[in-house]
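J.: Each chain, letter by letter, is given below.
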Amino acid sequence: MQDSAAEVVIIGGGPGGYVAAIRAGQLGLRTVLIESAALGGTCLNVGCIPSKALIHAADAFHSAGRHGEMTSFGLSVKQVRLDFARTVAWKDSVVNRLTGGVAALLKKSGVSVIPGMAEIVDGKTVTVVTAGTTMSYRARHLVLATGSVPQAIKTLPFAGNVISSTDLLSLPEIPARLVVVGAGYIGLELGIAFAKLGSNVTVVEADERILPKWDTALTRPVARRLEELKVSVITSAQAQGLTAGGESLLIEQRGHGLRELPADKFLVAVGREPRTKGFGLERLDLAMDGKFVKINDRCETSMSNVWAIGDLTGEPMLAHRAMAQGAMVAEIMAGKRRSFDAVAIPAVCFTDPEVASVGYTPEQAKMDGHDVKVATFPFAANGRALTQMDDAGFVRIVARASDHLVLGAQAVGAGVSELTSSLALAIEMGAVLEDIAGTIGAHPTRSEAIHEAAFGALGRGLHV
Amino acid sequence: MPVELVKLPDVGEGVAEAEIVEWHVAVGETVREDQILAAVMTDKATVEIPSPRAGVVVELGGELGARLAVGSPLVGIRFGANDDVANDKAVARPDGRALANDVPVDPQAGSLVQAEQPYDRRPNDGHPTNAHRNGAAGVEVKLAPVRSIASPAIRARAREAGIDLRLVSGSGAAGRITHDDLAGYVQNRSTASAGPRIAQRDDSVEQIKVVGLRRRIAERMAESTRRVAHFSYIEEVDVTALDELRKQLNARFAGSRPKLTVLPFVVAALVHAVCDFPQVNGTYDDDKELVSRHGAVHVGIATQTPSGLMVPVLFHAEALDLWTSAAEIKRLAESARQGSARREELSGSTITVTSLGDLGGIATTPVINRPELAIIGVNRMMIRPVWQGDQFVPRMMMNLSSSFDHRIIDGFEAAQFIRRTKELLEAPALLLVGN
Ligand SMILES: Cc1cc2nc3c(=O)[nH]c(=O)nc-3n(C[C@H](O)[C@H](O)[C@H](O)COP(=O)(O)OP(=O)(O)OC[C@H]3O[C@@H](n4cnc5c(N)ncnc54)[C@H](O)[C@@H]3O)c2cc1C
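Sequence order for the protein chains is A and B. 1 is the number of the first residue of the first sequence in the working numbering; add one for each residue after it. 1001 is the number of the first residue of the second sequence in the working numbering; add one for each residue after it.
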């Protein structure tokens, strides 16, 4: 066994781990990053990036197809074809370009990247078996960034045609019939994309409605679009397992009894689980928070100089949270004083239309005892939305009634994911409604709806 | 309404118990979510324990000075909806021995004074992940700590400076803290002055329990004098040249570099002297009968703080130039005084310097910071007549009062070490020619 010493050893090269490594390297810490699969983790390889690439291709194909008949603005397209093999190759090229970029950045920051599966020996030592030899790495700081894996359903284990989001993203061809179990963001993003690519999609959800963690006002435009796309949605229904031949999914819907849903592929997208097993984490006997590793606002675990970041540490399981934690931990290890004190972490559903939320929803604000003013502005009254022939959705702002402090904002509509950064900025800066109303935005843009919503909340709406 | 026991959380690495050093609440008091309930102290760090919810305190887990095991009950809180609690009057203080179900909480009897409503800004939304849910409806709301409203840049500035933003009042819209508010707070804090003194007979007797840092200091000092064979050695140093050099450097680099006091020079002299007498820069594990000699010179800087003596550490003094060392000493002293020094900054020294500044007296007998072997005390500088050949001349003089662990360091070695230090301080140019 060979030994090597470093200041920092990071396990996992996802957005949490690789950002921590780059920043630690920049700050002059001798850093080793261990990754058993591909750099970039879930996000770059089987999550955010490939899913958004596929969503883009599906959107382009679908909107071109809709123009088979003459559109109101005079465009018609004959014979739209999609070569799915090329779509997949293009998606892979995007992924490769980004993971290659991550590798280059790590190199530039002087990080040693070790391919292989890390095994934790103790709070300072990790071993990796590569090409038959075992290397042992000892460090002052150990950063856990092992991320998460798709959660399975006991009665419906991943095998054969029962697939996870990872598998769906690498299918060589478009399944004719796709059943999606779970109508959360991953299930719906992918379900909608495949519906647009031509699959006949059915979504099964145990809750009473789709996107159960978001309020109905926000999800209604998505439900409507699902209808337009002829996606059947079965709510209040539990998946029971495949039928004997494996051709159908057996579901039980409250009030309707058992039913069979035949399909070619069954996507199980019921959430993700932190990856805490199989690499010796139990040896550290860290304090846990349910299934997750427990951390404080400095991402410290219960053991000193052992840090944990990203999906492993709980909700929201999102790439941007992992990255922010990674950068912060690197700075703390380099001796700076930092803590994770973001007021709001934006969340986006890249469905059609997109749904975005930052900070409090009205309901949450009320549950927390705030007296709030809520104002919405519909895209139906927004010039830009009309010129884009997609006026579904709205922007909503939630502010404290007493002093107009902006507590939260939500939006649903085409491209609203891009509004989240200004909404988050407003909340982090402690903006009041008057600040938003007093900021001039460019016309015509969708972001004018934010401005107009603030006007509305102040009782001086202009365009409604 | 249910009673919740707030347990003593795991406050840090392998700590099994902590001592209650301050109660911020009393039985019967209405508390807001995140209001500080108590301060507990572990090895060196003091940690404030906030209330997880709004409610009424029905029991305290121990007296001041009690040591509690991690996980044992600290405070019992009867909680209710925010509104109820906000309207609760401070209730009469019952004998809160048992987790009384009998604390009178009557929302109707409330005064019209609304308790200050905390502003809970949720740190995040929780991404609506696609968890498999069995029909549980609604949105999860996690309550977040009460926070001050300030931009991320201001929050970062405050954190760097060790300032709790909750203490700063904001002048901006919705009480937002501006850069000026923060600057104003910092200034006020440093110029807070004592009030006028009134001559008056006072026969009161106040008994103060020795707890927290003071208890820790008391234990350490006794331990140190009990276990170490102290001997002190006092020597006179002519610092006329040093004082001149210091003044010149300060004038030359005014504004562009940190101001130099005598301390960084003393540190530099130690670093040089330790090269010749490495045995002095060591620690002694008397249980194992093992002396460790350290290559690094981690200089403990004994610092007076409002809560007592602390020794923040100037790490790797051997690698610092005068100005970096000056700036770091200043920063350490400030963070120790503000109580914001990190735990890592308070341990690991290999030799200690103590200085009472202008108060420094003529001679002192410093107590060794066990397990170190030496402590160098800096006495006050003053002009004294010195006989030079045929006459007295006024010279700037300063004594060094140092203690050594006689179990390990012999008197002769100590004397040589101090002589070397003296030479360096008397010819301070040597300190500038690099390490
Ligand atoms: C389909 C899908 C879509 C998504 N879309 C979005 C989105 O739009 N926006 C968003 O913010 N988030 C999205 N996410 C979530 C996002 O991908 C995760 O939050 C993010 O990747 C978490 O980063 P991480 O660094 O914590 O872990 P991961 O990205 O999971 O990385 C962990 C890495 O650790 C490695 N590893 C684990 N154990 C070991 C070991 N013992 N030794 C060596 N290596 C190890 C793994 O191979 C992996 O590469 C999506 C996820 C999925 C599945």
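A couple of the hints might just be wrong.
For lysine-lysine, the following DSS-like pairs were computed, each having C-alpha atoms within a straight-line distance of at most 25 angstroms [claimed, not checked]:
#, chain 1, residue 1, chain 2, residue 2
1, A, Lys-336, B, Lys-1330
2, B, Lys-1330, B, Lys-1259
3, A, Lys-291, B, Lys-1007
4, A, Lys-265, A, Lys-230
What the hints contain is simulated information worked out from the structure, not anything from laboratory work.
J.: Honestly, which of those hints from before does the structure not fit?
T.: none
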